[in-house]
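Protein chains: 2
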Amino acid sequence: MTSSISVDPSAQIDAAYAELIAHLKRSYTLDSVAGLLGWDEQVNLPPGAAGQRAEQHSVLADLAHAQASAPRLGELLAALEAGSGRLSPDQGAVVRQARRDYDRATKLPADFVREKAVQGSRGYHAWAKARAENDFAGYAPVLQKNLELARREAAYLGSGDAPYDAMIDNHDPGLTAAAIERLFTELKKELVPFARAIAASPVRAKADALRGFPLAEQRSFLREVTERLGFDYRRGRIDVSLHPFCSGGGDDVRMTTRFNVDEPLDSLFGSIHETGHGLYEQGLPSAHLGTALGTHAGMAVHESQSRLWENQVARSRGFWKFFEPRFRTLFPAQTAAVTSEELYLTVNSVAPTPIRVEADEITYNLHVILRFEIERRLFAGTLAVEDLPAAWNELSQELLNLSPASDREGVLQDVHWSGGAFGYFPSYALGNMIAAQLWYRVLSLRPGIEEDCARGDFTWLLGWLRENIHAQGRRLDALSLVRQVTGEELSPAPLMRYLRERYGKLYLK
Amino acid sequence: MTSSISVDPSAQIDAAYAELIAHLKRSYTLDSVAGLLGWDEQVNLPPGAAGQRAEQHSVLADLAHAQASAPRLGELLAALEAGSGRLSPDQGAVVRQARRDYDRATKLPADFVREKAVQGSRGYHAWAKARAENDFAGYAPVLQKNLELARREAAYLGSGDAPYDAMIDNHDPGLTAAAIERLFTELKKELVPFARAIAASPVRAKADALRGFPLAEQRSFLREVTERLGFDYRRGRIDVSLHPFCSGGGDDVRMTTRFNVDEPLDSLFGSIHETGHGLYEQGLPSAHLGTALGTHAGMAVHESQSRLWENQVARSRGFWKFFEPRFRTLFPAQTAAVTSEELYLTVNSVAPTPIRVEADEITYNLHVILRFEIERRLFAGTLAVEDLPAAWNELSQELLNLSPASDREGVLQDVHWSGGAFGYFPSYALGNMIAAQLWYRVLSLRPGIEEDCARGDFTWLLGWLRENIHAQGRRLDALSLVRQVTGEELSPAPLMRYLRERYGKLYLK
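From first to last, the protein sequence lines stand for chains A and B. If you use the working numbering, the first sequence corresponds to residues 2 to 510, in order. If you use the working numbering, the second sequence corresponds to residues 2 to 510, in order.
Please keep in mind that the hints were generated in silico from the structure rather than gathered at the bench. Take these hints with a grain of salt, some might be off.
Stated by the list, open to error - Just the calculated beta-carbon pair ranges, DEER-fashion:
1. B:458 - A:215: 33 to 41 Å
2. A:139 - B:67: 38 to 46 Å
3. A:490 - B:136: 54 to 62 Å
4. A:215 - B:136: 33 to 41 Å
5. B:325 - A:111: 45 to 53 Å
6. A:221 - B:203: 42 to 50 Å
As the list claims (entries may be wrong) - Straight-line Cα separation of at most 20 Å, DMTMM-like style, residue types lysine to aspartate or glutamate; simulated pairs:
7. B:108 - B:76
8. B:26 - A:116
9. B:26 - A:63
Every value quoted in this text rests on a predicted model; they were computed, and no experiment measured them. The C-beta atom is built at its ideal place from N, Cα and C for all residues, glycine as well.
Please model the entire structure based on the sequences and the hints provided.
Structure follows, in C-alpha cells:
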C-alpha cells in the first residue's frame, strides 16, 4: 500500500461533476419557469397584461443568464475538461453540452439577453395584431428589429460572417445552411414534379365532407386518441391557443391545439403532431433533465417525432381501422354520408393552400423550403424586409404554384419570426425526412407494425422510439443519431419513397 | 449665488429613492412570477408534476429572498432614513414599508425560506389528498411541520414569545391576537344568541329550490354580473379550482371559482366575493405596484372589499331587482316555480352547516371565531395537533350548535393551514366588520345607493371605494384606514346592526 497527502483526483472530479449537475438543474428549473410564462402568455394571458408579462420575462431572462454564465460554472468546466480522462462517455457528453451552453451564455451580454426577451414578448403581440389586421407594414419594424438582434447574436457568438448558420445551430447543433441546401435541392428536384402530378390528379377528397363537429366531442376524441398513442396526462395537459405548440418538459408537458367545428381533422392531426413532441419530452430520462442526457437532440429530431406519429402512424389505414368506429360513434350524423374510403381519402387529402399548417404532407415540405429560401436571402442581405411579401409570393408561385390572396395568408401566417426564431423552419422538413427514414427502419424490424396500429396498440412503436431516440438524449447530433439508428446517412429518398407509396397509390392510380 | 463642492444632498436622496423603487419593482416582479406558479398549481398542474413545481417554487423563493435581503437594499434604506426629512409623506410611507419587508427578509435565513416554500407546495397536495380521503392522521404531520415552521419564523423575527401575533402581523400589520380577541368577544356576545334566534325561526328558504343549472349558462351569468360590478376582464380572468381564490395583481388579476349544477348561488356568490378582491387589486395605483403606495392595506381590508360586494351589495333587494330578470331568462325552467320573494329568501338563506365557505353571513363569523380560538390554542401550546379534531368539534358545538359528521367537513375543510397560512382566518370576520362599517358610511353619503344597484349601476360605489380605499394603498394600517374613512374606531356594532336589519326583517317578523 502507498499513501499520499494529495487529495484523490477522482474524488475532486466527482465533486466538480456533482456541483456541475446541481448548477445545470437550477438552470433547467429557471428555464422551465420562463417556459411556463411563455405557455401561459399564449393560453391564458389577459390582453391588458402584455407589459407586465414582458417585465416578468425580462427579470427571468436576466436571472437565467446570470445562472448560465456564472464564473463558478466556468471553473467547474475547466476542472472537468482538465480531468476528462476520468469522465465516463456520458459524463463527457454532459460536459461538452454544458461547455457549449456556457460559451453561448458568456458571449451574450446580459443587456442583450434582456432586450431579446422583451422584444420576443412584444413581437408576439405585434404579430398577433398585424395578422388579425393583415398589416405587414405594422409588422415590418418588428422583423427588422428581430433580424438586427439575430445578427448581433451571431456576432457575439463569433459567427458574424455566417449569421444564418448561427441561427440554425441554435435549433440544430451541427447543421449548416449549406448542408440543408444540399438536402433541400435534392428533395425539391423530385418533390416539385411529384406535387404537380398529384395536383393534376382527378382524384379528390370531397370538400366539406366533415362539417358541424361539436367541440366537446372533438375534445373527447382527441383525448382518447392521444392517450392511446401513449401521452401521459398525469404528466401533461392540452389547452387551446391561437397557434398550436408543445412546451414544458419532464412531468409537466403542455401541448395546445385549436378547434373549428368544420375542421375536425385540423384539430385532431394538430394534436397528434403535438403529442409526438410531447411523447419525446415525456420519454427523455427524467433523472437527467437539464443535462445532455435528458435533453432532446435538436429540433429536426423533435419534428421527426411529431411527424412520425402524425403522418406515418395517424394517416395510415391501420390507425383508421381502429379509430374509425369510435369516430363514427361520437359523430354519427356528421359521418353518415361518408364512406370509409372517402374518410381515408379525406385524412390524406391534398389541396393547394397558401397556409403551411393547413398544407398536406406533400406540399408541406415546399412551404418549408420557401421559408428557408427567404431566411437565407434575408441573412445574406439579398432581400430587404420591405420586399419580403413580394419575394414570398414569387417563391410561392414557383414552388407551390399558387399566390396567397393576402399577407395574412402569406408572410404573416407564422408566429416564429415574431419571437426571433429564425433558422427553425428547416427543422420541419428535416424532421419529415428523419421520420420517413425511421419508419422504414421500423418496418424492417417489425413488418407487422400497421397491424399493431389496427389493434390500437402503439406500445411496441413507442417502446422502440423510447429506447432508440428518447433515451439517447443529446448524446449525438441529428445526423449522427440518424446514422446510428438507421445505419444510413440522412437522405430525402425515404421521404420521397413514403410519399409515393402513400399518395401515389391514392391519387395516381 | 454660492457654490459648493459637496454633492447636493437632495439629489443624493432622489437617486437613492429611485434605486429603491427599481429594487422594489424587481422584487414585485419576482413575487408575481411565484404567484403565477401558485395560481397555475391550483388551476392547471398535472397531478404528476407536484415535485417539479416544488422545485420551481424553491428556486424562485430563493431568488426572491436574495433580492429582498440584498445588502444594497439595506444601504439604500439607511441613507433614506438618515435623510428622511427630505422625503415626502408618500415617500416616507414607501421607505417604512420597505424597511419592514427588508427586516423580515434579512431575519429569515435563505434555507428557512426555501424549506417553507417546498413545504407549502407539499402541504397543499397532502391536504387535497387527506381531504379527499377524510384522513386527518395523514394530514397531522403536515400541520405539525407547518406549526414548527411558524414558530421558527416567529423566533427569527424576534417575536418568539408571541408567535401567533407574528402570524397575524404577516397578514394584517398592526393587529394583535389580543385586539382581535376583544373585538371577537364583543361580537360573540350578541352574535351567538342572534344566530340561535335565527336558527329557531320557522321561516326557511325552500331547500333544493334551485337545481339543474347548466354550467355554460352559469358561466355566462357570472361573467355578466362580475363585469357589471366593474371587474376588467382585459386585466384579469376567472378559472376553476378546488377552492376559490384571487391571485395576481396589476394588469393580471386571476380569480377562481367552482361550479355545481345544483348550487348556482354558491358559484355566483363565490365569484362575486373574489371579484371584490379583484376590484381592489385592479384599483391599486398601478404606477406604484411593489411599493406601499400600490399595495393593499392588509388582508382584513382586502376581505372587507370582497365582503362588501358579496353581501352588502349582491344580497340586497336592489341588486336582485336588476339581475333577477336576466337570471330567469337564462334559467327559465329552473326558476319557473320560484317566486321573487322565494328567490330573495334563498339568496339570503340561513342554514346550519359545518362548512365555512357554505355558511350564511351570520354564522360565517362564528366559523371564523372557531378557527381563531383553535389557532390561539395551538400557538399557546394548550392544544396538540392530535387533539385538534376533538377541539374543533367541541367548539363547533359551542359556537354553531352542530358537530361536523367527519373531519372532511370539519378540520380538513380549509386549505389555509396546508400552506402554513396561520393567522389569516381572523381577517375574514374583521373584513365583515369593516365592510359593514364602510357600508353605513356609504349610506350616509349616498342614501340612494340601493337604487343605484337596482339600476345595475355600480359606478358611484366603485368610484368611492377606488378613491377612499384602493387609491390609499398601504399608507395606513387597517384600523387607521377605517378611522380615516368612517370617522369611527373599528367596532362589531355596524356588523350586528346590518345583520339585524337584513336577517331580522326576513326571519324574525
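Here's how the hints hold up against the structure:
no.: 1; hint: B:458 - A:215: 33 to 41 Å; verdict: holds (38 Å)
no.: 2; hint: A:139 - B:67: 38 to 46 Å; verdict: holds (41 Å)
no.: 3; hint: A:490 - B:136: 54 to 62 Å; verdict: holds (59 Å)
no.: 4; hint: A:215 - B:136: 33 to 41 Å; verdict: holds (40 Å)
no.: 5; hint: B:325 - A:111: 45 to 53 Å; verdict: violated (59 Å)
no.: 6; hint: A:221 - B:203: 42 to 50 Å; verdict: holds (49 Å)
no.: 7; hint: B:108 - B:76; verdict: holds (16 Å)
no.: 8; hint: B:26 - A:116; verdict: holds (18 Å)
no.: 9; hint: B:26 - A:63; verdict: holds (14 Å)
Violated hints amount to a single one, hint 5; each of the other numbered hints is respected by the structure.
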